[in-house]
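There are 2 protein chains.
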Amino acid sequence: MTPYYAAADWGTSSFRLWLVSTEGQIIAERSSDQGLAVAAASGFEQILEDHLDALSAPKDLPVIICGMAGARQGWREAPYLAVPAALTDISGHAVEIEGTSRRIYILPGVASHDPEAPDVMRGEETLLLGNHADPHKMYLACLPGTHSKWVQVDDGAIVGFSTFMTGELFALLANHSILKHAVAGHSQIQRESRHFADGVKAGYSNPEEITSHLFSIRAGQLLQDRTGQDGYDRLSGLLIGCEIGGARVRFGQTENLRLVASGQLASIYDTAFALLDIPVTTVDARNAVLDGLGIAARRLFGSHAGRDGDL
Amino acid sequence: MTPYYAAADWGTSSFRLWLVSTEGQIIAERSSDQGLAVAAASGFEQILEDHLDALSAPKDLPVIICGMAGARQGWREAPYLAVPAALTDISGHAVEIEGTSRRIYILPGVASHDPEAPDVMRGEETLLLGNHADPHKMYLACLPGTHSKWVQVDDGAIVGFSTFMTGELFALLANHSILKHAVAGHSQIQRESRHFADGVKAGYSNPEEITSHLFSIRAGQLLQDRTGQDGYDRLSGLLIGCEIGGARVRFGQTENLRLVASGQLASIYDTAFALLDIPVTTVDARNAVLDGLGIAARRLFGSHAGRDGDL
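First to last, the protein sequences are chains G and S. 1 is the number of the first residue of the first sequence in my numbering; add one for each residue after it. 1 is the number of the first residue of the second sequence in my numbering; add one for each residue after it.
Just so you know, these hints were derived from the structure itself, not from any lab. Everything numeric in this text was worked out from a predicted model, so none of it was measured. Even glycine gets a Cβ: it sits at the ideal position worked out from N, Cα and C. Be careful, since some hints might not be right.
Pair by pair, the computed Cβ-Cβ distance ranges are [unchecked claim]:
hint, chain 1, residue 1, chain 2, residue 2, range
1, S, A171, G, Q73, 19 to 29 angstroms
2, S, H113, G, R76, 50 to 60 angstroms
3, G, A133, S, E192, 49 to 59 angstroms
4, G, T254, S, E192, 38 to 48 angstroms
5, G, E116, S, R103, 54 to 64 angstroms
6, G, E98, S, A274, 47 to 57 angstroms
Under 8 angstroms between C-beta atoms, here's a sample of chain G residues computed to sit facing chain S [stated by the list, open to error]:
hint, residue
7, A219
8, L222
9, L223
10, C242
From just these sequences and the hints, can you work out the full model?
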């Protein structure tokens, strides 16, 4: 099968590349940990070309990229669209990399310039573009990760969003804080455990006490002989519960909720929402980013009767 | 002047020692960074004796110690008193170190065994003992630090308390998170700055969104050209505001508030309370720990008509 375009999701800590056919099928894919930090040092173009070579991609195959490659400290800055930002406007604001042997575009991120709560995203907007067929006019999307995004979408536009540092705080606390003693030696969250459930509920009910809840993990180890696994599960549950509780206050909405995630992260958040009796529809994040990049590619490179040709 | 006893506040990261006269006057003092971590490796007795030698303390001078030296991983475990814990009971539960050439006692900490919110303190109880002359039957004390404690005292007993990881989170976020780029190169909080004030108010008003507020520091740098100093002040303000806001929800009390702190920490918290229009009386932490250790010393070593002899 002949590839029609290459699509890349270039994040802070990871790089993923797909070759896609005119019918939107994945022909080949590659991934690595050559995220922004690595690429800024060793060169974006070289990394991209090496991966394209490894997949025997034609020399003139065009490339569409979303994510941190478009940051100020990335390959080339793709200035943020301001909210409210129509998802279908994203591809129109892609920036083209000049001086390369093939056509390469980077999609812009989205910014909220609210002086009280400035916020930015790069990549998540493309997943939401990929979710364009969502049946609800208005919905709230949770995109969990190092920096979880909660995004309000109304009539095909991002109207507001908020970033929660859940994943980064989890890693910092588990590895570098006093809590490391109470979570020692564990690296897999057991989402069926009572301690995960207790954490989710406590974090959600009283997110304002999160920095106090966190210390209870240490005290629980000292007073209640809780194990490292117990502490690990509770830490995860507390931070996720706090995120969901904070987002509930921020957006005042729990209906038409979309969880855009894949793999273990999807399972963990799905469990947390179920524990809180919050109905949520899960959208696969990998499919969403591929669909979003595909819509942008057809716009930029011309439609070949792809399934999103109507957009 | 002949010393009557030596008093030590032995914390996680610091060691402070005073020689005290029968009249309660400080004759000499020493301090170092030989806290729990250092002492557990190199030996508690050696460190104590070296500092006593340096102050030419008599070989039979008795010593009273509070803090982490009494932890399980400390010199000798001084089991926690459970809440409600009468402050005057603390000295009665001191543990004596055996096999040493002088009398050495370590005061116990206090624990809350609430299964939903287990919590522990070591050292703060001694500061509150030192504040025994407080005119109010019931008050709420804020003892800020790496792990800030909020303690409800009723009729001379600790009836409840909660630990907020404010100081530790500040250090982790400023040095190890994505926010380090937004606070780069700064190490002094400017409590008069607008960014500190904005942070305190935002953290206090919506403590449940703290992990989202934190990310706004990064976004503010990207979108609003905020400086490293701005970010540093805002980070401090947000975490302190969140602590005060969380404690307000936890204890439902803002009257009869005591801030037990010294130096820069006292100034910063005092400013935060003023920004929030919360009346607070400041108690000097150094005086409080000395008074608390003094009360315990008189109980354990016999009273010489010291000023706290009535307790």
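So, going through the hints one by one against the coordinates:
1. S:A171 with G:Q73: 19 to 29 angstroms: 25 angstroms, holds
2. S:H113 with G:R76: 50 to 60 angstroms: This hint holds: roughly 58 angstroms between Cβ atoms.
3. G:A133 with S:E192: 49 to 59 angstroms: 53 angstroms, holds
4. G:T254 with S:E192: 38 to 48 angstroms: 41 angstroms, holds
5. G:E116 with S:R103: 54 to 64 angstroms: Since the Cβ atoms of G:E116 and S:R103 sit about 58 angstroms apart, the hinted range of 54 to 64 angstroms holds.
6. G:E98 with S:A274: 47 to 57 angstroms: For G:E98 and S:A274 the Cβ distance comes to about 55 angstroms; the hint holds.
7. A219: 4 angstroms, holds
8. L222: 6 angstroms, holds
9. L223: 5 angstroms, holds
10. C242: 6 angstroms, holds
Violation of the numbered hints given earlier is absent; every hint is satisfied by the structure.
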